[in-house]
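There are 6 protein chains.
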Amino acid sequence: MTRHDGRRPDQLREVRITRNWLDHAEGSVLVEFGRTRVLCAASFTEGVPRWLKGQGTGWVTAEYEMLPRSTNTRSDRESRKGKVGGRTHEISRLIGRSLRAVIDTKALGENTIVLDCDVLQADGGTRTASITGAWVALADAIEDARAKGLIAKDAKPLTDSVAAVSVGVVDGSPVADLDYPEDSTADTDMNVVMTGSGSFVEVQGTAEGAGAAFDRGLLDQLLDLATAACADLTQRQQASLAEPVRERA
Amino acid sequence: MTRHDGRRPDQLREVRITRNWLDHAEGSVLVEFGRTRVLCAASFTEGVPRWLKGQGTGWVTAEYEMLPRSTNTRSDRESRKGKVGGRTHEISRLIGRSLRAVIDTKALGENTIVLDCDVLQADGGTRTASITGAWVALADAIEDARAKGLIAKDAKPLTDSVAAVSVGVVDGSPVADLDYPEDSTADTDMNVVMTGSGSFVEVQGTAEGAGAAFDRGLLDQLLDLATAACADLTQRQQASLAEPVRERA
Amino acid sequence: MTRHDGRRPDQLREVRITRNWLDHAEGSVLVEFGRTRVLCAASFTEGVPRWLKGQGTGWVTAEYEMLPRSTNTRSDRESRKGKVGGRTHEISRLIGRSLRAVIDTKALGENTIVLDCDVLQADGGTRTASITGAWVALADAIEDARAKGLIAKDAKPLTDSVAAVSVGVVDGSPVADLDYPEDSTADTDMNVVMTGSGSFVEVQGTAEGAGAAFDRGLLDQLLDLATAACADLTQRQQASLAEPVRERA
Amino acid sequence: MTRHDGRRPDQLREVRITRNWLDHAEGSVLVEFGRTRVLCAASFTEGVPRWLKGQGTGWVTAEYEMLPRSTNTRSDRESRKGKVGGRTHEISRLIGRSLRAVIDTKALGENTIVLDCDVLQADGGTRTASITGAWVALADAIEDARAKGLIAKDAKPLTDSVAAVSVGVVDGSPVADLDYPEDSTADTDMNVVMTGSGSFVEVQGTAEGAGAAFDRGLLDQLLDLATAACADLTQRQQASLAEPVRERA
Amino acid sequence: MTRHDGRRPDQLREVRITRNWLDHAEGSVLVEFGRTRVLCAASFTEGVPRWLKGQGTGWVTAEYEMLPRSTNTRSDRESRKGKVGGRTHEISRLIGRSLRAVIDTKALGENTIVLDCDVLQADGGTRTASITGAWVALADAIEDARAKGLIAKDAKPLTDSVAAVSVGVVDGSPVADLDYPEDSTADTDMNVVMTGSGSFVEVQGTAEGAGAAFDRGLLDQLLDLATAACADLTQRQQASLAEPVRERA
Amino acid sequence: MTRHDGRRPDQLREVRITRNWLDHAEGSVLVEFGRTRVLCAASFTEGVPRWLKGQGTGWVTAEYEMLPRSTNTRSDRESRKGKVGGRTHEISRLIGRSLRAVIDTKALGENTIVLDCDVLQADGGTRTASITGAWVALADAIEDARAKGLIAKDAKPLTDSVAAVSVGVVDGSPVADLDYPEDSTADTDMNVVMTGSGSFVEVQGTAEGAGAAFDRGLLDQLLDLATAACADLTQRQQASLAEPVRERA
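So the sequences go chain by chain: A, B, C, D, E and F. FYI, the numbering for the first sequence is 1 to 249, going by full-length UniProt numbering. FYI, the numbering for the second sequence is 1 to 249, going by full-length UniProt numbering. FYI, the numbering for the third sequence is 1 to 249, going by full-length UniProt numbering. FYI, the numbering for the fourth sequence is 1 to 249, going by full-length UniProt numbering. FYI, the numbering for the fifth sequence is 1 to 249, going by full-length UniProt numbering. FYI, the numbering for the sixth sequence is 1 to 249, going by full-length UniProt numbering.
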């Protein structure tokens, strides 16, 4: 089986993680999965939302949005429509939950980190790229807070890493990291979020349309593919964090 | 292991499916999973949304909402807040996708069926009860359309049934059909939608909070529980459809 | 003169008041006027809105809404439209005012009771059924608060009962408790809210369309009909409160 | 009994009806009931809303709004709040219904007249002043349309006139045309809309707060007061229409 | 060159400034530039918005809006559309900035003045009439506050006056104070706000459409026209403030 | 006089114009004025808005928005707030008007080009960078349409170029292209949009706060600075268009 861009079934697209893409944000990453390009900005602020006050715990949340011309044809802005669409809400909530799965909110103290994931260009896998990039921006924001003395020197708010990948069935074969042409023809589409240590954080599998329901055997194959792909992404996240950050001109 | 209400780990709450609960709707079901009570109304209308026109295919969609006092403490109405929340959107989309997985839209013709799932009382599992009940209301609406000649006598828009159940880990043990007290303390929470013939339509598993990520072994156990529970629910749906509908007073 | 369903001009439809229909709410009633079916939930919370704070008085308010398929053809949800319609606002305000007419807010203390009236099925008279049922739910919520020690043992926040009925001119004859077919053809439509002791709380009479204006004689006839009907409803409310509440399974 | 401004119980405030206050509108009236000042503009447009098309009938509707500083203390604009309040909707609907009670929509043809009633200064009775003034603007707009040949020479879309007044119980006595100080202390408040020929179009009586419910005798007294006051306002409307309209400088 | 209404190129339309047009507002002006008629109400309240608290400085802001039938054809209300349009926001902000240019916020103390500019009739120049009228209302509101002891006897919050005029190129000639027919055909349109002492507060020049860009020489001519016109308006503002205010009937 | 970053008063920041930054858009530019970074995407679609149909003319419009973390501290998203702020509207309208000043809409035919200007990083001058970059994206989109045969080979919809710069008074001295630290302390701030041939399209000068009004001499100096700076930007735009566009990896 050959994929339309020549990849093996289990092969990721080219992944690039550019840290410190912004000057103001406490952490920022331009993450690219092939032509998918997402700007992830981590904003650290002291204090927590009202409903958390006085409990000694922090908060991590996320907002995802697509620029109007990130896609093939222009979409209207949600700000102009006056409301945020269901898909946008759903992905924002997924990113936030995924990151909170590796955050010790006690160790974070009463601080809030917001991850803004803005899709500059979309070619499939924007939510999984967002999670993968946002975690790196989050890690940088936590180090920045530590350097500024906003959290304790020995606090360990990050308990693990998280990365995410999409897997699905294209032309009858299970493949990893679908691009837009693959995604739009896939029968089954699954997004899997895993920790660096190999546990599942989210498993979201969907059969799109009549007759696409999948059996347990296929589900197991997809989970195997996702497990391998997330392990690969975890290595790239660690490699990126190991590099010194280039100074912007 | 004993559950707080005395159920075995794999035991569903009492399930009641009352068809024809409304006089106007083409199909309607009051579905109860224990104290969770959802009113599912299927509205059949000729024609399709603009973006589908002229393609000879129909459309099935769903809207989910909770009454303000369905819960322990009153929530503000989304209509008064002027916007629909992320969770509401997410569940509405899930219900719609689940039903479309067993709909042959060509066989439906250019007709639309909207499933309104209004939660009258919430005690955990409102989305899975909604899917399970909505499918029965959908089946009734299709028979009603057939009886009125709105779809062909021999058309088979329904390719299968769907039912859904939540499974999760409570106090370290995998259990099925969590009620609210269980749901609010569960580490891992998974909603599974399956067809009557035993395939997966949706698998949505979530680890809630740090340290809750789950391994493959546990994931497999949860999928086993869900498979058995959905088979049980499928039988109850069929039994309900087999009964003559009582006439309302 | 014979009405289309065989009732006498002054005859109410079958009225059913089912208390305790919900498990969570402090008071709840499923009220039915014929096929019109409204779920009234009373939510008692300590404290008052900001503008009332520190004055030692309580607050009672109401929100009315129709489920999308309560009617013959489906209506869009107000939450999805992003705004609450004029009719919904108007009826919500009417219900709130009607209940406050029999509430001694001093005796209630700094507590708030919200009455949610959700129309599950509409067949005319939804606002009058709402008021009639909401008052019973309100009475139950006050007793519940008394039992929990949230209001004083001897406090009497309820100064009287309220009930409501629609009256109108159908085919030239004044009739009480119009159902939807009658309501939609009536020239004159009047909603009357009265206390248990026979005084008027609200009188809202409307001539629908050109030539429907009514003279004083007809107005007097309609008020007579409404007075008798409200007295009847008052008896049913008292009878319902006198019954022990059945325990839900 | 003396009213705080020296009026007799049945005495209206000084009423001024200034026609043609605007240059663009097809009909326009600045109506003053004492210090209450409302600008009523009638806009005539060919065509009707979509739901009325092709039926050969016209449409009359109204929108009421208060300027932010029409009142003693400034209120926020509804446009800035992003939603129209319940009271505004309710009054807009009342004005529209009242005018439609004297419109033969067939005779109007497929034309729409919108009445904008903007309260420039509020001192009680803004809705009744609006109705009274709007009818004169409506009459002018119809004559303007006749002059322009937009409706037939001999068409009679106006079947009668309408005027409105508030009546209520202040310090225990029934009085007509309450100003703001009276209105804010009244136990009972009733707005009555009547045709020029003395029939009722709307009767809206409200008991404000506990203990304010009113008996049939008082209701009769209030209706008597309103009948006399509306007859008086009808004369002023006719006198105003009889005057030649001054040309604006 | 003759203008369509016979004015000289540098001639203003008839300007009328009627103070105290409202009874409740701390300052109010009906300002007329020919047929353009704007009601400017100044509302003085103690306290400042949250973000200014505790700094010892006051705040002046403005809200502009057009009545639906101020224009030739009726426009929908922004309150009904649920959002405020770009033009409305832009002009509101311009008026606020213009007034703040002559306010010493320290001398004002922690008080807020809101200027509501509601266009009753529009015939070009509504924003410049608003600024010119609003300044007079602002001056009156400050004197009113001084008289009530809300600001110190010797405080001088007003450092200067402001007035505004539109200038533009009509049929190739630069003219001042464009009315609607001129404005709608002008190539270049410039709004200029100046202080009483002759300095610029705002200069907003716009070339409307292709080929309308203007050169420096023309820009200089327009600025000369505006300077003379603003000086003229300044005199009228001072003359108006010098008059005793007529008592309203 | 030395500027905080060592620039001469008339010196622009480093300007970079990167064409073709996106794969999908018909034209796209990442424009940088120092640390200010704006992504400008031009979307060409056949057809025009309804109000322009059938007139044989095209339409060019723009939408501007800032990413939440483009600024020093995070701002809430306008999509989440449910409304677009006044400043966003104002700048969107400015960009659209500026571009239309050099568009021959007849030559464009019935086609629409939307320019999305999303600020990725803000350090002053975001609106002027947007205009300068958007024009280049617009030029590319027009060439793309020509290449695809969507507009005629010899049509010349672009009549000129436009560029924009901010000028202002910082520490008493007029300077060009203010960065954020300069902008936030400037007394006077002026945005000037000019055509490539040296005419003015927009002049927007504002005195911020009391005492900042500026005299004619200063205004002249600022206009001189802007004229020189726009000429410089025009050269850079032309140089950028002259370069072959690098192929993206």
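For the record, the hints were derived by calculation from the structure and aren't laboratory data. Just so it is clear, the structure is predicted and the values come from calculations on it, not from any experiment. We treat Cβ as the ideally placed atom computed from N, Cα and C, and that holds for glycine. Check each hint, because a few of them may be wrong.
[Unchecked claim] Here are the computed lysine-lysine pairs in the BS3-like style, where the Cα-Cα straight-line distance is at most 25 Å:
hint : chain 1 : residue 1 : chain 2 : residue 2
1    : D       : 153       : C       : 83
2    : B       : 81        : F       : 106
3    : E       : 81        : F       : 81
4    : E       : 83        : B       : 81
5    : E       : 81        : C       : 83
6    : E       : 83        : C       : 83
7    : C       : 53        : C       : 148
8    : D       : 81        : F       : 83
9    : A       : 81        : F       : 153
10   : E       : 83        : F       : 81
11   : C       : 53        : C       : 153
12   : D       : 81        : E       : 83
13   : F       : 81        : D       : 83
14   : B       : 83        : D       : 81
15   : C       : 156       : B       : 83
[Said to hold, decoys possible] Covered, in the sense of this in silico footprint (three residues per stretch, anywhere, with C-beta under 8 Å from a C-beta of chain D), are these stretches of chain C:
hint : region
16   : 80-91
17   : 95-109
18   : 194-204
Outcome of the hint check:
Restraint check: the Cα-Cα separation between residue 153 (chain D) and residue 83 (chain C) comes to about 42 Å, which exceeds 25 Å; the hinted pair is violated. The straight-line distance between the Cα atoms of residue 81 (chain B) and residue 106 (chain F) is roughly 45 Å, outside the 25 Å bound, and the hint therefore fails. Proposed proximity of residue 81 (chain E) and residue 81 (chain F) is supported: the alpha carbons are some 16 Å apart, at most 25 Å. Between residue 83 (chain E) and residue 81 (chain B) the alpha-carbon distance is near 15 Å, which keeps this suggested pair within the 25 Å criterion.
The hinted pair formed by residue 81 (chain E) and residue 83 (chain C) meets the criterion: a straight-line CA distance of about 10 Å does not exceed 25 Å. At roughly 12 Å between alpha-carbon atoms, residue 83 (chain E) and residue 83 (chain C) fall within 25 Å of each other, so this suggested pair holds. Proximity of residue 53 (chain C) to residue 148 (chain C) is assessed by CA-CA distance (about 22 Å); at most 25 Å being required, the pair is judged to hold. Between residue 81 (chain D) and residue 83 (chain F) the CA atoms are separated by roughly 11 Å; this keeps the pair inside 25 Å, and the hint holds.
For the proposed pair residue 81 (chain A) and residue 153 (chain F), the alpha carbon gap of about 36 Å is over 25 Å, so the pair is violated. Annotation: proposed proximity of residue 83 (chain E) to residue 81 (chain F) holds, straight-line Cα distance about 12 Å (limit 25 Å). With a CA separation close to 23 Å, the supplied pair residue 53 (chain C) and residue 153 (chain C) stays within the 25 Å bound. Taking the CA atoms of residue 81 (chain D) and residue 83 (chain E), the gap is near 8 Å; set against the 25 Å cutoff, the hint holds.
In summary, the hint linking residue 81 (chain F) to residue 83 (chain D) is supported, as the alpha carbons are separated by about 14 Å, within the 25 Å threshold. Distance hint between residue 83 (chain B) and residue 81 (chain D) is fulfilled; the C-alpha atoms sit about 14 Å from each other, no more than 25 Å. Distance check on the hinted pair: residue 156 (chain C) and residue 83 (chain B) sit about 39 Å apart at the alpha-carbon level, beyond 25 Å; violated. Residues of the region 80-91 of chain C lying with their CB closer than 8 Å to a CB of chain D number 7, which satisfies the three-residue condition for coverage.
Proximity of the region 95-109 of chain C to chain D, defined as three or more residues with a beta carbon under 8 Å from a beta carbon of that chain, is established by the 7 residues found. As drawn, the region 194-204 of chain C meets chain D at 10 residues by the rule of a beta-carbon pair under 8 Å; at three or more, the given contact holds.
Hints 1, 2, 9, 15 from the list above are not met by this structure, while the remaining hints are.
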